[in-house]
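We have chain A; now place chain B onto it with these hints.
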Amino acid sequence: MALRMWASSTANALKISCASKPHLSFSRCFSTVLDGLKYAESHEWVKHEGSVATIGITDHAQDHLGEVVFVELPEPGGSVSKGKGFGAVESVKATSDVNSPISGEIVEVNSKLSEAPGMINSSPYEEGWMIKVKPSSSSELESLMSSKEYTEFCEEEDASH
Amino acid sequence: MLIPQTRNIGLPMMNLMRFKGLPILQQLHIEEQLLRTSSENWCIINDGTNDPTIVMGVSGKPAELLEIESVLHDQVPVIRRFTGGGTVIVDHETIFVTFICNKEAVPDLQPYPRPIMSWSNTLYSKVFQGIGDFHLRENDYVFGNHKFGGNAQSITKNKWIHHTSFLWDFDVRNMAYLKLPKRAPAYRSARGHLDFICRLKDYMPRSIFIDKTVEAAGTHFSLRSLESEAIETCSETEFRPLTRFLTNEELEAAAALAGQ
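Those protein sequence lines, which keep their order, are chains A and B. The first sequence begins at 1 in UniProt numbering and counts up one residue at a time. The second sequence begins at 1 in UniProt numbering and counts up one residue at a time.
No lab work stands behind these hints, which were simulated from the structure alone. All clues given are correct.
One side only, chain B facing chain A, incomplete, derived with CB under 7 Å:
(1) S59
(2) G84
(3) Q110
(4) T156
Note that the Cβ used here is the ideal one computed from N, Cα and C, for glycine as well.
In isolation and in its complexed conformation, chain A is listed as follows (with noise of 0.2 Å):
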């Protein structure tokens, strides 16, 4: 498990230098965390630009979920509300569900993941991305962790099981 972590870490790693992303920070937990994203407990990200934010899962959880085989999403045009389920993921034998740390109007669902569920895996951060949602309060975002904070929850997480 931990070899297994370790090499999927490096690999991300790997990848996001080779595509020149300066805010990286890794973590005792040998998942990435990418500085400039928010985070939820529940093991989510936020990417907020402009009047858009951008959600996916985190390294962290690809990791302990496993291969990602299939990739529920909802249609553009709905809604999600902070802490409530909007997907999920398929991975080994279990279906779990993705919760959305913010909420809004969704306005893009990455269609590539029905084809590629996998780039859930190799690029969680980037090709990996879930959905784009218009926020509808900015205080949510700021509620959310950072990647310091977060890096220390999972490292919490992880030594507590």
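For chain B alone, coordinates are given in the frame of chain A:
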């Protein structure tokens, strides 16, 4: 009516519901509702279901998994369930065991597929101690390298479900409705159904298996048995399950699309 059963101070409470011959769709609807709406822990045991029924996982594609022409000709019901995993054909010879737990119910258990699967292995290792060569092989329960139990899970924000269909016995003719799946565990080594699976009845009497499973669950949880009128309570709320039968039209369309 609540009947107190095993009472172990300090263990989390778990409701135990036992059925015999409950239709599998009804069982799955109860499970899905409890997962989504109940804050309690549950163990459900269904000793066989009524009619032979095919049950696919949430992402199952009928054309890839089923011999649709035979299924339609013989009017075998097909269900798409809410959990992940593969396809099974179940009947009165199948024994179903389900655990629905809050995330805190099992100490130190991370609510992800592999830890939950591993925990289930510790429970069933107690059931099958000294019996056959039992172990968890990839995600299946096996004796040696022959599968007798298939697992599936669903994980929500605060709860998880792990349910298993045990092949007490099976009719070889029913296996003919199922294709060899594209996604198969490595240890299957491309074996056909009959070379891959085995019968639990060759290893343990039926009632002993169920009793031992309850006993093993009692080492993790404080069990209290609920009588069948609890089902009525489950169906009172307005919950819409995802689990459903596929229609003939859907199966025919799937076959047509795949050029069957």
